[in-house]
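Given only the sequences and the hints, what does the whole structure look like? Please build it.
Residue numbers (my numbering), protein chains in the order written: chain P, 598 to 1119; chain F, 864 to 1178; chain Z, 5 to 369; chain Y, 2 to 312.
Where hints are given, some of them may not hold.
[As the list claims (entries may be wrong)] Derived pair list, reagent style BS3-like, types lysine-lysine, alpha-carbon separation capped at 30 Å: (1) F/1068 x F/888; (2) Y/148 x F/1017; (3) Y/148 x F/1068; (4) F/892 x Y/148; (5) Y/148 x F/1157; (6) Y/148 x F/985.
[What the hints assert, rightly or not] Taking CB as the label site, the calculated pair distances span: (7) F/1126 x Z/336: 32 to 38 Å; (8) Y/130 x F/892: 46 to 52 Å; (9) Y/166 x P/825: 41 to 47 Å; (10) F/905 x P/664: 52 to 58 Å; (11) F/1011 x Y/230: 21 to 27 Å.
If you are wondering where the hints come from, they were derived from the structure by calculation, not from laboratory data. Being a predicted model, the structure only gives us computed values, none of them experimental. Just so it is clear, CB atoms sit at the ideal spot from N, CA and C, and this is done for glycine as well.
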Amino acid sequence: MSGSFSSSVAGRDIVALEGVTKRFPGIVANDSVDLSIRPGEVHVLLGENGAGKSTLIGMLSGLQQPDEGRILVDGKPTPITSPRHALALGIGTVFQHMMLVPTLTVAENLLLGGPWWQRPRTEELEARVAEITRRLGITVKLHAKVSELSLGEQQQVEILRAMVRNSRLLILDESTSMLTPKGIDELGALMRRLVEQGLAIVFITHKLKEAAAFGDRISVLKLGRKVGEIPPERFRALGEQAIISEIVELMFGKQKDDPEAVERPVRTVQAEAAPLLQVADLAVAPTDNAPGLSSISFDIRPGEILGIAGIDGNGQKQLAEALAGQRAATGGSVRLEGVAIEALSVGERRRRGLRYLTDDRLGEGTVGTFPVSINFFLKQVGAAPFWRHGVEQRGEIDERAAQLVREYDVRTPSLKTPVARLSGGNIQKVLLARELAEGAKVVIFNKPTYGLDLANTLASRQRIRDTAARGLAVLLISTDLEELLAMCDRLAVIANGALVGTVENTDDARTRIGRLMIGLAA
Amino acid sequence: KSIAILTPEEGTDYGWNQQGIDAAKAAGKAAGVEVVVAQGLGYGDVRPTLRELASDGASLLIAHASGYNTSAPEIAKELKVPVAIVDTPNGLEKGLVADYTLSGHQGAYLAGRLAAKMSRSKSVGIVVSGEPPSWNSQSAAFAQGVKAENPDVKITYAVIGPAAYSDAAGGKRVTESVIASGADIIFGQGNGSSFGMLQAVETTKAADGGKVYFIDVIGDKSPIDKGFLLSSVVWNIEPVYAAMIADIKADTFGTKHYTIGLKDDSVKLLKTAAIPDNVWAEIQTLREDVISGKIKVDPVYDAAAVRALMTSVAQ
Amino acid sequence: MSIDTAPTASATALDATSGTATRRDILHRLLMTLGPILIALIIAGCILLAVGVDPLAYYGFVLEKGLFSPLGIQQTLTRMAPLLFLAAGLIVAFRAGMWNLGGDGQFLLGAVTAAASAPVLVQIMPSWLALTFSFLIAMAVAMIWSLIPALLRAYQGVNEIITTLMMTFLGTSLANVLVKLMFRDPSTTVPQTRTLPVEDRLPRLFETTITSGLLLGLAAIIIVHLVMTRTAFGLKLRIVGANPRAAVHAGLGVSGLTVTVFAISAGLAGLAGAVDIIGVQGNVRADWNPAYGLAVIPAVFLARMNGFAAIGFVFLLSVLSIGGESAARRLGVPNHFTLVLVSIVLIVLALAEYVDHRYNQSRKA
Amino acid sequence: MTGLFSEVFLSALLFGAVTAAIPLLLAGLGEQMSEKAGVLNIGIEGMMLAGAYLGFVGAFYSGSLWLGFLTGAAGGVAVAMIMALLCVRIGLNQIVIGIALTLGLEGLTALLHHFQFSRSYPRLPAADATIIPLLSDIPVIGPAFFKHHLIVYLAVALVFGMGYLYRRTQLGLNLQAAGDKPAALDVAGIDVIRTRTIAVLTTGALAGLGGAYLANVGAGLFIPFITNGAGFLGIVLAMLARGRPVWVLFGALLFGVCLSLTTAMQVAGINIPTDVIQMLPFLAVMIMLVLFGRRASLPAALGIPYERGAR
Ligand SMILES: Nc1ncnc2c1ncn2[C@@H]1O[C@H](COP(=O)(O)OP(=O)(O)OP(=O)(O)O)[C@@H](O)[C@H]1O
Ligand SMILES: Nc1ncnc2c1ncn2[C@@H]1O[C@H](COP(=O)(O)OP(=O)(O)OP(=O)(O)O)[C@@H](O)[C@H]1O
Ligand SMILES: [Mg+2]
Ligand SMILES: [Mg+2]
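What follows is the structure, encoded as structure tokens:
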């Protein structure tokens, strides 16, 4: 693929890390990591949640300084002191968390960083963006406010921003997590074109197939240490399956072929049983920056997993929030076990067994500054046995929290650690533990594996299957079609706030869903 | 042995606080007792200071602010120390509480006569930074004096704000407006804000292009005057304090009201170079009439009554 | 829709420490408080030297007259009563992420209504009952006064910093209007309310001049502290404060809680006014505004919204204000110097906390 | 009663309204800039006092108003530097430091005044007015609005300059980003700390200038506590204006007009207590908030210190 090119510049690292170590209170996030980044290569960085990938990126982009070790740029030791410095060195980063100003337009965000006395050079930018987008085959709405864009669109803007800056090294931290399968393929093709033009790319993902498909070189981090590297020569020599199994071996130390390709277990959907959740003609008014919902209807029976597929930003969040009671519905009915609940509060719906696992873990799922232990019980504040007569029972809370930490394998320095300090995957485990606790009847999962590493993804999926197997009704919202096909009994497709069709998950489901998603009849 | 005076602000205001402190010092000196000055105490709770001064051995506490007239008698009873308070004529208690309700209304009346005589535009203004009783009585008497002298003189009355004592900018702004309404003599009352009034008078021309004059109250601002001070209703509180000290010695403290007035010059009009001698002579005659009772000036303390007087006067 | 998660987050940064403190922690905190105060005194001492006053003499008087003399300590403790109530009210609001900066308006309205009702009520019912009623009236009035900012924040998302600041300007004026026009004592020329006789006020403690309002204040702040740290209700408020979206997600009635928080906070401020009037002042004069709120706000922050620490800081403020006045008088410094002293103490304490925090972090890493 | 509202008197009232509005305008514009950049500047009252004091000292000793404005602005900047150092650089709590600075400057300026001026109470001569030809000949309006010191027109021009700055320049973008999402600004290569420092220092300069105007032109002298809460009004104005400088101007004028209204009503003999009239501007704004409240949103990162890479 890139052979001809990389051989010509082989051996010249743009950036190299030597023995880089970074510590945070209570944790060594990076432990003597060596890494070489070369032009013409897509260097894939893999690792579990909390392995230290983003920390490494933070040091490359000037957000953080290593405690030990050094960074070489063009062979010279160069402490990268600030993001500005990193940009000046030609290092452009698309961060894992959105780094756009929501109240500014796309154009203004792209212009951010110019000399302060200048008028923003909009015309110049427009020309430049037109050229880049044409080359990349994407479109961006330059004059839309960022807050009005879907997460996927925002991610495109961030990639575009790195391009506009003429980066020599482009870092993408989990940039595919918000994209559709088609978008992911396009991004892959784009990366290929960019490295062919001589750029270096660092690409972080949790999806091994992406790693195998787009990478030239793979490094694997584990608990802050680099545990292995597959250099380009070896990479090209192996097939996709071989690469994946080698990665899995590096990451988990055990051999297993494509771990994502689990058999869909035959489940016992009680076809004759009364639906646990019945939704009829649900409607929600649109807001400034989100589409509304119109006449959403579906049923879910006990033990059934209904998937909601669709491109991000088509009303998935609105649907989940309307069901959970967080968003006012303008019409329609929601019945839980036959009882109308559409007029009930969030808390009351939860007490009746409706659970909602949000996709916004830090924004609304947790209180970042509160300890892990309390975050397990955020939705049960005041309930026995953790509170008696309104008074906190710290012993009970800690005991149960410790139990949940074990049961759900939450990796945390202690129960008292503020939850925001955990990595994304571990925060997700806290949420799972909270939502699946006793009394659940219907569970809404919104992008449950977004940002999770492979092991956590698999574990979460297994939890969801177990949930259904216990006779609960599950609504699974995801932008990952593979995930939906691997999990669901039926799939509905959402587009522009309406369900455009529902299909049974049979062999031809993939194509039928695909047709629905691009606006054709199934 | 020693007496103490408590004032809400620093005794450098050429006004109420300074007059009180200076008088206490003078009276103390005359009687051979030490004077402790507690100034700048604000208008909050002065019980701590009162208690401390009493425990330090002061044998008379002069609570020189109407805001202190609840706390001081309480401390008097608690610690059996004589206190003197202001503006509370019915608060007397033998041996413990004496009142000195000071009112310069007689002087203000003369100031009104003076202003009416001297106003070229036949329009004078009263600017106050708040409406405490002692100011009200002077505002009212001033208006009465103006009208008695010449009913055709227009009086403009303006309050800067409810408690704009330190609002110098407000003092200047309101005074300028009042001058614009035609006044060429301003009768001004207000602590810090009165310096703003003075500044306005100094920097604003009257409608006829001439000087605007300022009549001050309580203190004597001539040391800082730039030639715009027409007069001042000056209070001399020393006789009051001297009488108090004497009453304590004679064991008659708390049995009488102390007042100030034209009679013993404890209220007097300040003579400045701006007042022609013939006018001054006329004012002196009027002074005799007030003292003799031929002219009766009654104090009006209530803000609403003062305003009523102004509007009725203004017509 | 970014209503104002803004100051919220900085509040919660402080809120993380709601856990129990060990003895060593307390000792450490004590050191980290006394040390900076010493430094602040040195800085302020330089200013004193510059104006020709012996700083040692000054501080000697501050300590003697504010702390070590029997009279001084009694005055200091008496001064604390309203401040403690205000601090308690601020703790509730700040922990819940509501920036109630309207404490002074609520305080004054509470004070005026207490002053208006108590002298009347004591004539028709037993004293204790009358005072209880006065307290309740003051609390209720302050609560009602907070309703507008509370509802605006809860249902319209209007930032409460603006509304409470404005309501404080309004409340101050309204309190004056009430004193001058409605509750004015007809027997005095000075516009003020009727005076509650000394014997009907809150009893003094033992043989001292310390008001029993101090005990009420202590009780209030300790109860508030325990409720905020140990109960489900307190946790709910803290969740709302730390992450309002998480509160919605968790099914908490955020709007209702917001109104409740404002009511409690304002109610406590109203009680502060009442305890000052019923315990000490006896009446309210027109244009009276001690502006305690402004000084208590930083104290509550420095205490990291911890009730016990707040007691300490309120005590410190009281010592400084009582002793500072006395020292200034004795040495011929204008009383305004106390303001400078308090300001320097606050800044150095804030700095010390930062240094301490940094040190802890680097040690852990 | 006919003579009461002569043209001269009406224009004096409006003139007074403008004079009273200018310090509020400058303070509000300054506060607005801080808030835009994410710093809640509660210490603005202290900055105004510093400006008032130093501005007066400068003008009094040099005899030049312009030098006074300069020293006043410098005084505001000096206080703002403490604020920037403590709250922006090292991230101390903005409310604690703001209140502490206000208290400290209240005390310090009163102290300095005590030692320096409390026996002489010096006063400045009248500020010389720049008379705008033609416009100043309009009856009532002319003398009220077009016979002010040059600094007044500059302050009004500044309103539009700020509007341009916020909407049309790179610095405007930077400020908004610093208030709404500082991390995004940082990774775009702009130093957040520096941006916020610039904003806070500008606030100091404007507040100091406002204080100097208040002392030198508004009052013509300095006395302790002369600002009387103008800084806090500036905060309210800035928050209500939601990032739009013209709204600060409208708000400041509203307050100024209400103050003059007090005088007008008294002179007209309308007997409403001054307390009630003083409540009017606040009541007006409260009613506006109740009616249009939802729109009063603030920058997302307001009051939160920025620390690079913090989680
Ligand atoms: N600023 C910080 N303060 C404290 N701890 C931190 C900080 N940043 C990262 N960590 C910790 O360092 C470890 C590595 O985190 P990092 O974000 O680099 O992981 P990651 O590999 O990117 O994980 P993920 O796949 O979940 O994004 C985690 O345990 C995290 O909790
Ligand atoms: N290698 C480089 N190439 C181009 N410019 C550089 C380089 N290193 C530093 N600079 C410039 O030097 C200046 C100082 O950098 P920077 O803003 O990072 O430093 P700082 O303000 O001292 O620290 P901080 O990053 O904490 O703000 C910036 O203007 C930056 O653009
Ligand atoms: Mg990461
Ligand atoms: Mg992640």
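Hints, one by one, checked against the model:
no., hint, verdict
1, F/1068 x F/888, "40 Å, violated"
2, Y/148 x F/1017, "28 Å, holds"
3, Y/148 x F/1068, "15 Å, holds"
4, F/892 x Y/148, "54 Å, violated"
5, Y/148 x F/1157, "50 Å, violated"
6, Y/148 x F/985, "27 Å, holds"
7, F/1126 x Z/336: 32 to 38 Å, "37 Å, holds"
8, Y/130 x F/892: 46 to 52 Å, "50 Å, holds"
9, Y/166 x P/825: 41 to 47 Å, "53 Å, violated"
10, F/905 x P/664: 52 to 58 Å, "54 Å, holds"
11, F/1011 x Y/230: 21 to 27 Å, "41 Å, violated"
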